[in-house]
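**Student:** Read top to bottom, the protein sequences are chains A and B.
The letter at position 107 of the first sequence is residue 131 when you use our numbering, and the numbering goes up by one with no holes.
The letter at position 100 of the second sequence is residue 1488 when you use our numbering, and the numbering goes up by one with no holes.
Don't take every hint at face value.
Simulated DEER-style distance windows between Cβ atoms [to be verified]:
# : chain 1 : residue 1 : chain 2 : residue 2 : range
1 : B       : Arg1393   : A       : Arg83     : 41 to 47 Å
2 : A       : Arg216    : B       : Ser1404   : 42 to 48 Å
3 : B       : Ala1578   : A       : Glu87     : 43 to 49 Å
4 : A       : Glu232    : B       : Gly1390   : 27 to 33 Å
Anything over 10 Å on all C-beta distances counts as not near chain B; from chain A, calculated [as the list claims (entries may be wrong)]:
# : residue
5 : Ala76
6 : Arg92
7 : Ala116
8 : Gln189
What the hints contain is simulated information worked out from the structure, not anything from laboratory work.
What you are looking at is a predicted structure, and each value in this text was computed from that prediction instead of being measured.
Think of the CB as a built atom: it goes at the ideal place given N, C-alpha and C, for glycine as much as any other residue.
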Amino acid sequence: MALIRLEHVTKRYRDRIALSDVTLSFEPGEWVFILGPSGAGKSTLLRVLALAERPTSGRVEAEPNLRRSIGMLGQEFRLLNDRTVYDNIALACQISGLWDPDEIRQRVTPLLDQMGVRAKETVYPGDLSSGEKQRVALARAMVRHPRILIADEPTGNLDPAAAAQIFQLMREIRDRDTLVAVATHAEDWTQRHPGRLIRLEQGVVRSETGAPARPAVEGGV
Amino acid sequence: MGPIRYVLREVLRSLSQHRTLCLASVLSMSSILLIFLLFVMILTGVDHYTQQLESREEVSVFLDDGLARADIDALGGRLKAIDGVDSLRFISKDEAWEQFRADLPDEALLQAVGGNPLPASFVLRPEAAYRSAEGVRSIAREAETLPHVEDVRYAGEWVLRAEQVVRTLHEIGAALGIIILIAVLFVVGATTRLAVQARLDTIHLVRSLGGGFLFNEAPYLAEGFVLAAISSLITIVLSRAIHDSLAQGLFHLPMPSGRVLLGFAGVSGLLGLLGSWIAVATLPRKWLL
């Protein structure tokens, strides 16, 4: 069953059409690249997927309470400079209603280990490298155990080594049955981490490859 | 860490990050609140003074010089018959002079006055129902019409004037209160706006993570409350210092009671909270997008 499904979705900003009649379906554990030039509608598609934007027309079908299970990662790391690495990640727990310090610690520590920033947990973002910042941002996106991770140009500000590390970590996240959708200009990543490719141009899906096979007839004979 | 502790921590974080802004805000609010509190103290003092005047409701009826004893007794009888007079006391010319000498111990001045220029008098004490400015005045007017009465003096005249002054002061106080209210709302609102503007990145991020009222509004409301409450406490300390300083001289400004001061601090805090709420509620939408 699809985790989230877009049917004939159109998104219009005043006179500009950002998405036009897009129909797509996404399964848990999928690895999806959304490709296209600037202004193609990649970010809009991601925001619709993140349930942060309502389509102007069309329908978005999602599992109940999916909105609370979406992690976001952007090109800007958007860490709070007045909080330590640990507090930045813990904030996402608190926002989702988790206040018990022990429970928060139990959630945050494994992620710090996985992202390789355990030694930096008391450090402020200003003292981190770009790669470390993005790994902290990824940890923050993952601390609420999201079912969807949405990454908009996640390696745009990183050097190749740090970018490779981020992609590797996102693959590991995908392996835990999380849908990972990545919008990027850098198409070389699609060869190094093959998956489903959705190519957009002027808000329209121009091509789609590697989509999971859909049942021919739902509830069919 | 529970939600309340989180909000308090955010307030402390904001206060420490925007020290100069908060200090300027606290100083502005303290100045405004001090003007108001001093005015309230002056008003309380005047009220107290008026009450004292009201307690001096006696009417002094001064007599013509050289009256015979029989005339004095007859006048006493007619004064006693005036509506509202409860009792009367006769003060002879000599008693008046003795009293004057006791009140003015400067012998040189007394010698300069020469002989006893003071008249004999009756002091009328009104009945309970007449112990008001109006009642005292009605007795005094009647006494003035009697023969052998040279002059009539009563505190009620002053009470009436003082009451008028107090009424005017109360009106000024109400107007001042409204101005103070608007000024506090403005100062807190401006401070909150600047604090919000300085932390827009945080707000955007917290919103993108799904943070609601507790994370986006509550810290600013609490900050407004804390700033105004701190300002009111500073105001109370300053007014106490002014009170003590004046008490060493001739002036006495009554210090409001602890309960009133607590209410003052509470109301100031609530004004701060309201100012912040208005500031947050009217933020330009584009700031939050």
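**Student:** Look at each hint and say if it fits the structure.
**Tutor:** Checked hints:
The hint said 41 to 47 Å for the Cβ distance between Arg1393(B) and Arg83(A), and at roughly 42 Å that hint holds. Separated by about 46 Å at the C-beta atoms, Arg216(A) and Ser1404(B) satisfy the suggested range of 42 to 48 Å. With their beta carbons about 45 Å apart, Ala1578(B) and Glu87(A) fall inside the hinted range of 43 to 49 Å. At about 48 Å, the CB distance of Glu232(A) to Gly1390(B) disagrees with the hint of 27 to 33 Å.
For Ala76(A), the shortest C-beta to C-beta distance to chain B comes to about 8 Å, within the 10 Å cut-off, and the non-interface label is violated. The claim that Arg92(A) lies off the interface is violated: its Cβ sits roughly 7 Å from the closest Cβ of chain B, which falls inside the 10 Å cut-off. Its closest Cβ contact with chain B, about 5 Å, brings Ala116(A) to no more than 10 Å, contrary to its assignment away from the interface. No Cβ of chain B approaches the Cβ of Gln189(A) within 10 Å, the least distance being about 23 Å, so the stated non-interface status holds.
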